[in-house]
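Novice: So you can see what is in the structure, the chains are spelled out below.
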Amino acid sequence: MRNEILHFNNVFIENTSCVGGKKESEGPLSAYFDMLEPDEYFGKDTWEKAESEMNTRAVNFLLSKAKLDYSDIDLSCGGDLLNQCVATSFVLKNCDLPYLGLYGACSTMAESLIIGAVFKSSNFAKRVLCFASSHFCSAEKQYRFPLEYGGQRTPTSQSTVTGCGAILLGDSEKCRVEVKEAVVGKIVDSGVTDVNNMGAAMAEAAVDTVIRYFGESNLSPDAFDIIATGDLGREGYELACELFKRKKFELFGKYTDCGMLIYDLEKQDVHAGGSGCGCSAVVTAGYFYDKLIRGEAKEILLIGTGALLNPNTVFQKQSIPAVAHLVRLSAR
Amino acid sequence: MTHKEYKKMTDDRAKRSPTLLNCIKAFVTGGLICVLGQALTVLYQELGASVELSKTLSTISLVVLAGLLTGIGVFDVIAKQAGAGTLVPITGFSNAVTAPAIENKTEGFINGVGAKMFVIAGPVIVYGTFASAVYGVMYYFLLRGGLAG
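These protein sequences, in sequence, are chains V and P.
Our numbering puts the first sequence at residues 1 to 332.
Our numbering puts the second sequence at residues 1 to 149.
Don't take each hint at face value.
[Unchecked claim] With a straight-line cut-off of 20 Å between C-alpha atoms, the simulated SDA-like cross-links for lysine to any residue are:
{"#": "1", "chain 1": "V", "residue 1": "317", "chain 2": "P", "residue 2": "5"}
{"#": "2", "chain 1": "V", "residue 1": "317", "chain 2": "P", "residue 2": "11"}
{"#": "3", "chain 1": "V", "residue 1": "245", "chain 2": "V", "residue 2": "219"}
{"#": "4", "chain 1": "P", "residue 1": "80", "chain 2": "P", "residue 2": "27"}
{"#": "5", "chain 1": "V", "residue 1": "317", "chain 2": "P", "residue 2": "4"}
{"#": "6", "chain 1": "P", "residue 1": "116", "chain 2": "V", "residue 2": "310"}
{"#": "7", "chain 1": "P", "residue 1": "15", "chain 2": "V", "residue 2": "243"}
{"#": "8", "chain 1": "P", "residue 1": "80", "chain 2": "P", "residue 2": "65"}
{"#": "9", "chain 1": "P", "residue 1": "105", "chain 2": "V", "residue 2": "140"}
{"#": "10", "chain 1": "P", "residue 1": "15", "chain 2": "V", "residue 2": "194"}
{"#": "11", "chain 1": "P", "residue 1": "80", "chain 2": "V", "residue 2": "147"}
{"#": "12", "chain 1": "V", "residue 1": "245", "chain 2": "P", "residue 2": "5"}
{"#": "13", "chain 1": "P", "residue 1": "15", "chain 2": "V", "residue 2": "269"}
{"#": "14", "chain 1": "P", "residue 1": "25", "chain 2": "V", "residue 2": "155"}
{"#": "15", "chain 1": "P", "residue 1": "4", "chain 2": "V", "residue 2": "246"}
{"#": "16", "chain 1": "P", "residue 1": "8", "chain 2": "V", "residue 2": "154"}
{"#": "17", "chain 1": "V", "residue 1": "174", "chain 2": "V", "residue 2": "72"}
{"#": "18", "chain 1": "V", "residue 1": "65", "chain 2": "V", "residue 2": "36"}
{"#": "19", "chain 1": "P", "residue 1": "105", "chain 2": "V", "residue 2": "45"}
{"#": "20", "chain 1": "P", "residue 1": "4", "chain 2": "V", "residue 2": "319"}
It should be emphasised that the hints constitute simulated quantities derived from the structure, not laboratory data.
Just chain V, with the same shape it has in the complex (with noise of 0.2 Å):
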């Protein structure tokens, strides 16, 4: 049978660092980032730009915040939503860094930490750069309408966060939080085709994920302070509960949902909530990171979700499959 959890050994977060943007300075998180750039280009000329910017600016902070070059890091892996992961890529030009580019949609932040912890773990690496990515405008020109295109979004649709979180994992004897454990997700077709509730297309393969996790650990959903889910938005979040109470599984009114936190989903126009790379990669870098070495949360379960769609599968009227990666983090 196969092992679901991955157990990880000696992988520690050094620091973190997160950038957003104007929605994300007027959310309630916004206190938690490093910098809020209220100009949507980032002071560049394309959006592409724009998004590489953001991201270079939160490498950036990483590193002098943990007071470290280039050289003292041994890997990067992170990734963006952008076509071939350009914002990430275009970002380690000028990095004296090896680089993996990663594509795991939405997911992603919790992909790198997987894959930046196993590199870590088994001593390949000594210190990884884990980073996602999304921004509004990049995502809007590439999955859907350009910005100036006066259309109406239904209530279930989504917000793409602008944002860049960086985690940076490394061992020393500083560090407060420990990346303990993870679940690699598996591809879950619920056979939702609406590319405007992609909270639906992913809270089963969220769900499923949890489910895997709690089955092999003999923790109770009650051990964690925080259970949050990526970006279902409340739409997904409200779905998942419903799944969760159809299999008797018990949260403990534990479980959140990223996209729901980054914003004021009453006063914000951001219909069901946040969703992108960078949802789910600010609020684990800002606010989780942030609770952790406070000591106000032990423990907290993310589980990435994303969902796997380009525009022509949506054309071609295919379901949106989604997968979900959970990745377990501890204070020490």
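Based on the hints, put chain P in the right spot on chain V.
Specialist: Relative to the frame of chain V, chain P by itself:
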């Protein structure tokens, strides 16, 4: 759970767009645009244009106005509320052409503006032209048969 059961579960609970409110908003804004079009037609006639020419000038004016509002980032703000009210009149067509042209300017005038300009409005042009050709052929035969005229 089968895909069908899951679809039922998600559809049953998914929040719907407020259809009635959207219809009322569309009715009012769409009506206002038509009033503006009519006012322009009358204005052009007052200025000495023929009935036919004034109608064309009025249409052109609405296209230019919608394009301008798109360019300064106002159109999408109005359209978010107006919905079909701004989409169905010629203003929607203008916006659908201008918006991708602006967005893809970063890829240059050939591969960006030129290639992507009709990415939304293209199907309307293709099938609109096709439908009018079919209509023309039908009309021709009906005329010859003495059934129309």
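Novice: Evaluate each hint against the coordinates.
Specialist: Here is how each hint holds up against the structure:
This hinted pair checks out: residue 317/V and residue 5/P have alpha carbons roughly 19 Å apart, not beyond 20 Å. A C-alpha spacing of about 17 Å is found between residue 317/V and residue 11/P, which places the hinted pair at or below 20 Å, so the restraint holds. Taking the CA atoms of residue 245/V and residue 219/V, the gap is about 19 Å. The hint holds against a cut of 20 Å. Distance restraint check for residue 80/P and residue 27/P: the Cα-Cα separation of roughly 14 Å lies within the 20 Å cut-off, and the hinted pair is therefore satisfied.
The hinted pair formed by residue 317/V and residue 4/P meets the criterion: a straight-line CA distance of about 16 Å does not exceed 20 Å. Straight-line distance between C-alpha atoms of residue 116/P and residue 310/V comes to about 18 Å, which keeps the hinted pair within the 20 Å bound. Between the alpha carbons of residue 15/P and residue 243/V the distance comes to roughly 18 Å, so the proposed pair stays at or under 20 Å and holds. With a C-alpha separation of about 17 Å, the suggested pairing of residue 80/P with residue 65/P holds against the 20 Å cut-off.
Of the pairs offered as hints, the one joining residue 105/P and residue 140/V holds, with about 15 Å between alpha carbons and a cut-off of 20 Å not exceeded. About 13 Å separates the Cα atoms of residue 15/P and residue 194/V, which keeps this hinted pair within 20 Å; it holds. For a cut-off of 20 Å, the pair hint linking residue 80/P to residue 147/V stands: about 12 Å separates their Cα positions. Our distance criterion of 20 Å between C-alpha atoms is met by residue 245/V and residue 5/P, whose separation comes to about 16 Å.
For the suggested pair residue 15/P and residue 269/V, the alpha carbons sit about 15 Å apart, so the restraint of at most 20 Å is met. Proposed proximity of residue 25/P and residue 155/V is supported: the alpha carbons are some 17 Å apart, at most 20 Å. Using a Cα cut-off of 20 Å, the hinted pair residue 4/P and residue 246/V holds, with the two alpha carbons roughly 17 Å apart. Simply put, residue 8/P and residue 154/V have alpha-carbon atoms about 18 Å apart, close enough for the 20 Å limit, and the pair holds.
Of the pairs offered as hints, the one joining residue 174/V and residue 72/V holds, with about 17 Å between alpha carbons and a cut-off of 20 Å not exceeded. Taking the CA atoms of residue 65/V and residue 36/V, the gap is about 17 Å. The hint holds against a cut of 20 Å. Proposed proximity of residue 105/P and residue 45/V is supported: the alpha carbons are some 10 Å apart, at most 20 Å. With a C-alpha separation of about 12 Å, the suggested pair residue 4/P and residue 319/V falls inside the 20 Å cut-off, and the hint holds.
Going down the numbered hints, you'll see the structure goes against none, and every one checks out.
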